[in-house]
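Using my numbering, read the sequence shown as starting at 1 and increasing by one per residue.
Just so you know, these hints were derived from the structure itself, not from any lab. Note that this is a predicted model, so its numbers are computed, not measured. Hints are supplied without guarantee of correctness; some may be wrong.
[To be verified] Below are the SDA-like pairs computed for lysine to any residue, each with C-alpha atoms no more than 25 angstroms apart in a straight line:
#  : residue 1 : residue 2
1  : 6         : 33
2  : 49        : 17
3  : 51        : 16
4  : 54        : 65
5  : 54        : 14
6  : 49        : 67
7  : 51        : 69
8  : 49        : 64
9  : 6         : 19
10 : 51        : 65
11 : 6         : 17
12 : 54        : 13
13 : 79        : 66
14 : 6         : 51
15 : 79        : 60
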Amino acid sequence: NYVAPKESAARPAPEWNTMNITCVGPCIRITLNSKVVIDVDQSAVAEVKDKPLKGYVGLQNHGGRIDFRNVRIREIAPK
């Protein structure tokens, strides 16, 4: 809701999508199906600059059935 994606990279149903989300400090990079759709420094966006840098991870959908597979979370040390 705060930062719009650069493009729509989602595959049509029922194809699988692959998403990688990398958060290092305030830098957030989201890759969907090998296309970078968001690459933002959270501290540079007024609407999200005060949001916490730590918290819970949640998976969501927009209604209907959804399946997740190969969900992995790992810690990345800041450079």
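Hints, verified against the model:
no.: 1; hint: 6 / 33; result: holds (13 angstroms)
no.: 2; hint: 49 / 17; result: violated (29 angstroms)
no.: 3; hint: 51 / 16; result: violated (30 angstroms)
no.: 4; hint: 54 / 65; result: violated (29 angstroms)
no.: 5; hint: 54 / 14; result: violated (33 angstroms)
no.: 6; hint: 49 / 67; result: violated (32 angstroms)
no.: 7; hint: 51 / 69; result: violated (28 angstroms)
no.: 8; hint: 49 / 64; result: violated (32 angstroms)
no.: 9; hint: 6 / 19; result: holds (15 angstroms)
no.: 10; hint: 51 / 65; result: violated (30 angstroms)
no.: 11; hint: 6 / 17; result: holds (17 angstroms)
no.: 12; hint: 54 / 13; result: violated (32 angstroms)
no.: 13; hint: 79 / 66; result: violated (35 angstroms)
no.: 14; hint: 6 / 51; result: holds (22 angstroms)
no.: 15; hint: 79 / 60; result: violated (30 angstroms)
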